[in-house]
Structures are given as C-alpha cells and as structure tokens.
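Per my numbering: the sequence shown ends with 437, consecutive numbering throughout.
These are calculated hints, taken from the structure and not from any lab test.
The structure presented is a predicted model; accordingly, all values stated were derived computationally and were not measured.
Any given hint could be a false lead.
Unchecked claim - Think about it this way: if two alpha-carbon atoms lie no more than 27 Å apart in a straight line, the pair counts; the simulated BS3-like pairs of lysine-lysine are:
id, residue 1, residue 2
1, Lys337, Lys385
2, Lys338, Lys405
3, Lys372, Lys361
4, Lys392, Lys337
5, Lys338, Lys372
6, Lys392, Lys406
7, Lys406, Lys266
8, Lys392, Lys372
9, Lys337, Lys372
10, Lys361, Lys338
11, Lys337, Lys266
12, Lys266, Lys300
13, Lys358, Lys392
14, Lys406, Lys396
15, Lys292, Lys338
16, Lys405, Lys372
17, Lys385, Lys361
18, Lys396, Lys385
19, Lys405, Lys392
20, Lys358, Lys406
21, Lys300, Lys338
22, Lys406, Lys338
23, Lys385, Lys405
24, Lys385, Lys406
25, Lys372, Lys385
26, Lys406, Lys300
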Amino acid sequence: MKDDLIGRRGFLRSLGLGLGALLVPRLSPVRSQDQEKQPPNIVYILADDMGYGDLACQNPESKIPTPHLDKLASEGIRFTDAHSPSAVCTPTRYGILTGRYCWRSRLKKSVLWPWDRPLIEAERLTVGKLLKDHGYHTACIGKWHLGWDWPTTDGKEPIGMGKTNVKNSGANVDFKKPIANGPTTRGFDYYFGTAVPNFPPYCFIENQ
Numbered sequence: 230m231k232d233d234l235i236g237r238r239g240f241l242r243s244l245g246l247g248l249g250a251l252l253v254p255r256l257s258p259v260r261s262q263d264q265e266k267q268p269p270n271i272v273y274i275l276a277d278d279m280g281y282g283d284l285a286c287q288n289p290e291s292k293i294p295t296p297h298l299d300k301l302a303s304e305g306i307r308f309t310d311a312h313s314p315s316a317v318c319t320p321t322r323y324g325i326l327t328g329r330y331c332w333r334s335r336l337k338k339s340v341l342w343p344w345d346r347p348l349i350e351a352e353r354l355t356v357g358k359l360l361k362d363h364g365y366h367t368a369c370i371g372k373w374h375l376g377w378d379w380p381t382t383d384g385k386e387p388i389g390m391g392k393t394n395v396k397n398s399g400a401n402v403d404f405k406k407p408i409a410n411g412p413t414t415r416g417f418d419y420y421f422g423t424a425v426p427n428f429p430p431y432c433f434i435e436n437q
C-alpha cells in the first residue's frame, strides 16, 4: 500500500512538472532571483472528441485552423505518445486527476449518469490537492462529470439518479442548498462549469 501511494504521488508530481513544461513559454536565458522563485503557471486543457490530427502542429494537412494551440506547442513541449485506459469522459478525468488506473474506482465501465454521486474518493490525492500543497491557487472550468452529492427536498436520492430520459428527473433536487463533494472538495479553490452539458440540471454551477 505504501509503495503504491509513493508511486501515485511520484506520478502526480511528474504529471504536474510535465504540464508545466508543456505550457511554459520560452524563457530568457537571464532570469532574476525573483523569477527563479516563481513556479510556472500550469494550464491543462482536456478536449472531448479531438483527434490527434486535428491540430495543425501535429498534422500540417489539417483542415482546421488552430493557431493558438499551435503557438502553445511551439513555445513549450509536445508529447506525442500517450495512452488512455478509456476513450470516454468520466474515467479519463478520474485518471488524469488522481494518477490512478480509472477502473480501480467503483466505476467499472461507461461513465457517470445524471445525479450520480462523486467518483473521486474524499481522501484521494489529486493533482489539484498536490498543487495546493505547493502553494498554487487552483481552478477548474467547464465540464466536471465526476459526480456530486445533490441535496434533495425529501432526503431521498434524486429522481432519475443514474438514468437518462426519466420523467421529472431531478424534480426533488433542492437548488437552495449547496451541492456537496464537488470540485472544490477535490483540490480546486474555484469552480465554474456544468455537471455534463447534455445531462440535467442543464445549468452552470459556480463553486457549490
């Protein structure tokens, strides 16, 4: 267990350094002492359904103009040999944030569905927590798709939990109360986005 924890921490540390290297602009050879003390800003962009050859920096014959992403690639480091244990949303996000093989979670196939509970365990080390431990301010923007604990007016699970196309889905969700155990409890200081764009509640969420 200890060796496994050390291994995951090492992976996350390497991932953080790799992400920093990926997006840090070229630096002048001469740097002040203050600059040397400043850690790099880290921006990680996860794009659903983007093919390897969609970016011009990776495919000169691409029909899609991607000048800003091409600039990021030219001023940083490009990693061209990557592998994922899954081709869908939830397990990919779980693996990226925890450094853990995604199918070791309770989710053994597919993705989370409407109103599902949090997939990342409360005590699990995440990239966000690791960066906060090193003095970073962290934010998550956009699609979360890793579950929340949705409050309800009757104390029961949300109507339609874990299912799609359910009549009155989420009708008993209490939107006057905070939504527990989301991104701000998994290593992020700030969150703005949506659970899943094509799932209820079809709204934007800020923090909790």
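Are the Cα atoms of Lys406 and Lys266 separated by 27 Å or less?
-> 41 Å, violated
Straight-line alpha-carbon gap Lys337 to Lys385, limit 27 Å = 25 Å, holds
Holds or violated: Lys338 with Lys405, Cα cutoff 27 Å?
-> Given pair Lys338, Lys405 is violated - Cα atoms ~33 Å apart, limit 27 Å.
With a cut-off of 27 Å on the C-alpha distance, tell me whether Lys300 and Lys338 pass.
-> Violated, at roughly 36 Å.
27 Å limit on alpha-carbon distance, applied to hinted pair Lys385 and Lys361 = Given that 27 Å is the threshold and the Cα spacing comes to 35 Å, the pair is violated.
Quick one, are Lys396 and Lys385 close enough, alpha carbons at most 27 Å?
-> Cα-Cα ~17 Å, so holds.
Given pair status - Lys372, Lys405, alpha carbons within 27 Å | 22 Å, holds
Assess, step by step, whether the Cα of Lys361 is no farther than 27 Å from the Cα of Lys338, and give holds or violated.
-> Distance of about 31 Å is beyond 27 Å: violated.
Restraint status (C-alpha distance of Lys358 to Lys406 at most 27 Å) = The given pair, whose Cα atoms are some 25 Å apart, holds under the 27 Å limit.
Would the pair Lys392 and Lys406 pass a check requiring their Cα atoms to be no farther apart than 27 Å?
-> 23 Å, holds
Given the hint that Lys372 pairs with Lys385, does the C-alpha gap stay at or below 27 Å?
-> 26 Å, holds
Verify the proposed pairing of Lys292 with Lys338, using a straight-line Cα cut of 27 Å.
-> Cα-Cα ~34 Å, so violated.
Violated hints for the displayed structure, listed by number in ascending order: 2, 7, 10, 11, 13, 15, 17, 21, 22 and 26.
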